Every structure is written in C-alpha cells, then in structure tokens.
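Residue numbers (my numbering), protein chains in the order written: chain B, 1 to 114; chain F, 1 to 118.
Quick caveat, the hints were computed from the structure, so don't treat them as lab data. Please note that a few of the clues may not be correct.
Said to hold, decoys possible - Cross-link-like lysine-lysine pairs, in silico, DSSO-like; alpha carbons within 30 Å at most:
no.: 1; chain 1: F; residue 1: K98; chain 2: B; residue 2: K96
no.: 2; chain 1: F; residue 1: K98; chain 2: B; residue 2: K78
no.: 3; chain 1: B; residue 1: K73; chain 2: F; residue 2: K41
no.: 4; chain 1: B; residue 1: K55; chain 2: F; residue 2: K98
Quantities reported herein were computed from a predicted structural model and do not represent experimental measurements.
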Amino acid sequence: AQTVTQSQPEMSVQEAETVTLSCTYDTSESDYYLFWYKQPPSRQMILVIRQEAYKQQNATENRFSVNFQKAAKSFSLKISDSQLGDAAMYFCAYQKYNNNDMRFGAGTRLTVKP
Amino acid sequence: GAVVSQHPSWVICKSGTSVKIECRSLDFQATTMFWYRQFPKQSLMLMATSNEGSKATYEQGVEKDKFLINHASLTLSTLTVTSAHPEDSSFYICSASKRERSSTDTQYFGPGTRLTVL
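With the rest of the complex left out, here is chain F (with noise of 0.2 Å):
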C-alpha cells in the first residue's frame, strides 16, 4: 500500500496566526513531499518539493518566510503558514514520492487540509 495522511483535516484560525499542517507517509518511505495548494473548482498548483534533511525548494511566486516547510524524518513533512490572512484559505494538499518496483516514482497523495482563515 501506499498511504499518505494529513492532520488536520479542517482548520479554522484567526488572521494572524500561524497554522501547521502535517503530512505523514504511514507505509512507506518518502524522500520527497510535496506541497500543494487547491482554489475552488482550480487544478493543484505546485507549492514546494520538499527533501528529507535539506531545505524546501519553492515554485515562483510562494514566499518561503510566509509557508515554511520542515521535513524532519522519512515519513513527515509540515506546512506551517505563518500570520495568515483571509487570502490564505485554500485547500492544501500534500504529496509523498514512492519508489515503486519498476524504479519509477509515483506521487501519492494526503487527504487535504482546508484551511479558514478569519
């Protein structure tokens, strides 16, 4: 199997603070995550990739001090949103990157987070 999940699922915060979400492999291995971030009725639009141990690589036009991404460990990666605005809420989904047995990887995709922003 091959199963991603993200805590949490729903989160409501007021404008100003910061919020964390978490991105777990529970099977299997990732040596890159991704994040991304998901407009109504949008496509996926690519965030950041993010390497076990090294620093995020981040898509142009996403500011690095505003969505700080961490991945501490083979399985976790986290997307903390500092002093959020209204303008932050979105739809935020994860990724994690398995090798599968043909050597090729595939992305395997968390749940989502959405995220309110008052």
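Chain B extracted, bound-state conformation (with noise of 0.2 Å):
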C-alpha cells in the first residue's frame, strides 16, 4: 500500500521569506505522480504543483518549487517569498500512474507571520 507522510503538523514563516514543507511516501512502483494541494480556510482544495515520477527535473510553478529525491521517496515543497495568501493546510498526495486513485498525506498548516 502507497503511504503519503507529512512530517510538520505546523510550519509558519516570516512574511518574505522562504518555507519548505515536508513529505515522503512509500511505494514500490516506478512509475507515478506527487502533488502539491493548498486547502485554505474556504477548504477549496486547490492544486499547487504536480511531478511526474519519470521527469528527474524539478517541477516550479512561479513562487513554488519542489524538491524531488525518486531514491529518497522524498518530495519537498518550497515556497519562495511567502506571501500572506498563502497561509492554509499544505496536503502532499500520491496518484499510481494510470490509476486515479490519490493517497494524501495528513497535512501541514502554514501560517505567514506578517
């Protein structure tokens, strides 16, 4: 079974600054895809950052990056130039490739110090 772990219960980070949040997972395939999700107080899950398994390249979107380690089953998230906004609950998730099914991690929540 494919386990997603988040390590933070709670990160926060100063306004303009730079925050990483945790994540491994476990699995035996090769091939399969990590995702970022942002849960803000609305609850609207919204998607951050997806990595494909098979890219050995980094996947950033603007002010997000992640840290992906295929070896280490490790899949980090940066955020660069911490704004207010993005102070919500940080879900990592788990998709076998052909295969639907996602697998989240219990969440770290992020809060921004202005």
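Need the complex rebuilt from these two chains, each delivered in its own frame; the hints are there to steer you.
Rendered as structure tokens:
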C-alpha cells in the first residue's frame, strides 16, 4: 500500500521569507505522480504543483518549487517570497500511474507572519 | 479551466433522513469522479471512485448501502447519505478527473459540502 507522510503538522514563516514543507512516501511503483494541494480556510482544494516521477527535473510554478528525490522517496515543497495568502493547510498526495487513486498525507498547516 | 461545483455547500438534516450531494464538472467531461470525507483538522479520506455508467468502487470500511453513489453522466455524480446519523456529520469533497494535454489525469476538487446531522 502506498502511504504519504508529512512530518510537520505546523510550520510558520515570516512574510517574504522562504519555507520548505516536507513529504515522504512509500511505494514499490516506478511510475507515479506526486502533488501538493493547498486548502485555505474556505476548504477549497487547490492544486499547487505536480511532479511526474519519470521526470528528473523538479517542477516549478512561480514561487513554488519542489525538491523531488526519487531514490529517497522525498517530495518537499519550497515556497519563496511567502505571502499572507499562502497561509493554508498543505497536503502532499501520491497517485499511481494510470490509476486515479490518490492518497493524501496528513497535512501541514502553514502560518505566514506579517 | 477546470471547475468542479458541489451542491449544496452546507446541509443540516435530522437523524434518519437521507441527504443527496451533487458534484458537477462544469467545463470538462470527467469519466471518473471521487468522493472524499474530511473530519476536522484531518486529511482527506477516499470513500469511493465513481465511473460514468458503472457501479462505484468503495474503499474498505465504507458502507456502500449507506453511501449511495450514482454517476449518471460525464459531468454529474451524486452521493446520497442514507439514514444519516450524527456520526455521518463531516465535510464531503468530490473531485473530477480531467485528462490533460500531457495525457496524465489531474483531479480537480469541488468546494465541499458540510453535512451536519442532528
């Protein structure tokens, strides 16, 4: 079974600073997808970034980037120039290749201090 | 775009009654939709996978007779909580799978439905 672990229940960052959220996962598959989703107080799940396991290059989306270490089964999210609007719960998720079944980590609550 | 809506956003019902929640993909066709349950301050737990025109696949421990899922079209799936009890009170989130240009599927989530059973 695939499991996703987020070891940081809460994190905080000063506005304009950089923060990294950790995620590790367990799988025996070689092809899969990894995601970071943001859930603000509205509880709407928003896709932040996606990484295909077969790609060695780390995905980036503006201020958001990942550090994907396939051998270590690690998938951390870096948020640069943090903004107040980044405050939310962040969930790491794993999805098998050719299978829509998605498994989520427990989440990390990010607080951004002005 | 990839917008998924849910209706209602909030519902209160009496114990023993049934409640239907709708999930719609507004600007794309979704062959697969998913239903999740989220308790306060917890993660999303997959309840079932719904494919258009076929029976839903339920996760272990989810009662299929209690949580009825119907996926009648490529843009609509419904979850009916039958004979609801207070322990069914939760936040229910649906998602719809969209085939992207890269040929991978991305799940887009609805805004959720808060169910309170009195």
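Does the alpha-carbon distance linking B:K73 and F:K41 stay inside the 30 Å limit? This hinted pair holds, its Cα atoms lying about 25 Å apart.
Are the Cα positions of F:K98 and B:K78 separated by 30 Å at most? 26 Å, holds
Holds or violated: F:K98 to B:K96, with C-alpha atoms at most 30 Å apart: 15 Å, holds
Compare the distance between the alpha carbons of B:K55 and F:K98 with 30 Å, and conclude whether the hinted pair is satisfied. 21 Å, holds
The structure shown violates none of the earlier numbered hints.
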